[in-house]
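Chains as they are written, first to last, in the numbering used here: chain A, 1 to 247; chain B, 1 to 272.
Hints were generated in silico from the structure; no laboratory data involved. It cannot be assumed that every hint is accurate.
Said to hold, decoys possible - Cβ-Cβ distance ranges computed for the label pairs, FRET-style:
(1) A:168 x B:226: 51 to 59 Å
(2) A:225 x B:163: 25 to 33 Å
(3) A:21 x B:135: 25 to 33 Å
(4) B:104 x A:56: 40 to 48 Å
(5) B:208 x A:113: 43 to 51 Å
(6) A:87 x B:135: 25 to 33 Å
(7) A:13 x B:120: 50 to 58 Å
For every residue, glycine included, the Cβ atom is placed at its ideal position computed from N, Cα and C.
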Amino acid sequence: MITIKNAVVSYREDVALRGVSLSVKKGELVGIIGPNGAGKTTILTLVNGLGKLLKGQVQVLGCMLNNGCPAYLRRRIGYVPQIHNIDPRMPVNAGEVVMMGRYGRLGLLRRPGILDRQVVESLLSLVGMSHLATRPIGHLSGGEQQRVAIARALAQEPDILLLDEPTTGLDRRARVEIMALVNEIHRTRNLTTLMVTHELKTASAICNRLVLMKEGRIWSQGKPEDVLQEEVLDLLYGDDNKVANYF
Amino acid sequence: MQNAILAGLLGGVACSLIGVFVVTMNLSFIGVAIAHAAFAGALCGAWLGFSPQAGAFIFSLAAVAVIGPLADRGEFNPDTPIGIIFSLTMGLAFLFMGLLPGPKTQALELLWGSILTVNNFDLVLLFIVAVIVLTLVMLFFKEIQAVIFHREAALAVGIPANLIFYSMLFLTGSVITASLRSIGGLLIFNLILNPAAAAYQLTYSLRIMFILSASFGILSTWLGLLISYLFNTPSGATIVLVSTVIFIIAAAFSPKRKVKKWKNELESALKN
Ligand SMILES: Nc1ncnc2c1ncn2[C@@H]1O[C@H](COP(=O)(O)OP(=O)(O)OP(=O)(O)O)[C@@H](O)[C@H]1O
Ligand SMILES: [Mg+2]
């Protein structure tokens with residue numbers, strides 16, 4: 001599904017990825033972990049073509065991505081970006097945001113129909129947001145916005161789902177719920193999922209594989225229990241951060 | 001006068017629709033820079049002896065070509081480079097104004113605008129631009145909505161978000177070019193900003209915001225024309241002042257500012 005070979009990405013002076021190779025098979029749920037600035041977000045943006053590749057190759061859904069990702073491929077890749085501030089006055093409501101997930105497949109000049117509305121409604125209820133569908137998106141809490149973003153990504157009916165720290169900034173209960181939701185939709189919708197997360201415990205429970213990143217490189221990857229060794233984590237996050245802190 | 005009423009309608013609609021992009025996407029500074037570039041271009045055109053409109057169009061395109069990518073990088077605050085371009089275009093405008101031989105009436109007209117003397121060419125140009133803007137907004141409403149919400153998310157969904165964004169900037173330049181003669185280079189941006197800013201205060205629906213903004217735009221130009229006719233005031237300035245008053249009224253009645261009221265209630269309750 002996804003093959004990245006020796007990818008090098010740089011933002012001006014900063015080198016964000018220094019030769020990363022990763023391949024993800026169909027149906028896998030892969031967790032990407034690592035400290036801030038490791039290049040986790042950057043690797044996701046390579047898959048959906050929002051990031052610019054300096055060197056290396058990226059192949060997604062059987063297509064080589066040379067210069068960005070063509071729209072018809074982006075449509076098949078759902079993306080839940082890292083949380084961002086939304087202007088509370090933004091004239092768009094939650095239901096409309098989910099509907100945006102349909103826009104790519106609809107194409108230009110076509111309006112959403114009954115089918116699209118049904119999809120949006122069922123997704124809103126899947127993520128437990130039906131009662132807030134008409135609220136302005138900027139008025140929702142962080143956790144609610146994450147749910148809406150997940151529903152929007154699913155509205156694309158994607159083959160690949162990319163999630164960037166879907167639980168950051170949420171309370172404990174919301175974190176558990178969102179992770180359970182991710183697990184559920186990954187399994188019930190036959191997705192191939194790449195998720196950046198700092199939830200080591202839950203991630204190791206639901207992911208098929210964990211990828212550890214630091215300083216633009218992949219330090220180790222494999223089964224969660226193999227990757228989450230104390231020494232490895234010490235190396236990654238520094239000595240003070242015992243594994244226990246993450247559980 | 002008939003021409004002026006028609007120009008007011010077309011200019012009011014075109015400017016205020018464009019204003020919705022400018023307000024919701026925080027492009028005010030970019031818009032002002034494009035407006036000044038157009039103004040400088042118009043003077044350059046007048047100086048070189050070809051049409052001011054052509055000059056304005058070329059300059060505003062150039063401004064979009066330079067400013068768009070600057071704003072696009074998004075890695076740092078684009079205010080400084082845009083500010084530099086803004087001051088450059090101001091400098092150029094005054095340079096061309098100085099170079100213009102003879103009386104400066106044409107230059108001043110471009111500066112203040114003279115909606116009462118618009119000719120047929122100006123009207124046709126305004127008509128074409130207004131129709132194009134209105135049509136594009138209606139045809140690509142859903143894409144525009146997605147880009148306004150979050151450009152990266154729109155891109156990820158499979159919408160040609162960059163194309164839409166640059167088209168918005170391009171349309172801004174075109175609308176400014178077409179309205180330069182009637183509203184004037186110094187005032188045009190107020191007519192873009194104020195109706196949309198007023199509409200922004202009143203609704204959470206983008207569709208309604210477009211409609212309200214266009215209505216406020218027309219109201220500004222027509223009421224402004226009427227007042228300037230009755231009291232013999234400069235038309236462009238009057239139109240802009242009317243649009244400002246509309247904004248102030250909208251802000252006063254804005255549901256988005258109710259928090260303050262609630263705060264006051266709380267304070268008075270605490271006092272008792
Ligand atoms: N737009 C940008 N401009 C310049 N440098 C950037 C940009 N985005 C990321 N970087 C740099 O690239 C590196 C990797 O960034 P990235 O966002 O991929 O990290 P991350 O692992 O997602 O971090 P976090 O956990 O904080 O989200 C960092 O060193 C960062 O400084
Ligand atoms: Mg990140």
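Structure-based check of each hint:
1. Distance hint check for residue 168 of chain A and residue 226 of chain B: the Cβ-Cβ separation is about 55 Å, which falls inside the suggested range of 51 to 59 Å.
2. Taking 25 to 33 Å as the suggested C-beta distance range, the pair residue 225 of chain A and residue 163 of chain B does not conform, at roughly 47 Å.
3. Under the hint 25 to 33 Å, the C-beta atoms of residue 21 of chain A and residue 135 of chain B, about 48 Å apart, miss the expected range.
4. For residue 104 of chain B paired with residue 56 of chain A, a C-beta distance near 60 Å fails the hint of 40 to 48 Å.
5. For the pair residue 208 of chain B and residue 113 of chain A, the supplied restraint of 43 to 51 Å is violated, since their beta-carbon distance comes to about 22 Å.
6. Judged by the Cβ atoms, the range 25 to 33 Å given for residue 87 of chain A and residue 135 of chain B holds: they are separated by roughly 28 Å.
7. Under the hint 50 to 58 Å, the C-beta atoms of residue 13 of chain A and residue 120 of chain B, about 56 Å apart, fit the expected range.
Checked against the numbered hints listed earlier, the structure breaks hints 2, 3, 4, 5; every other hint is satisfied.
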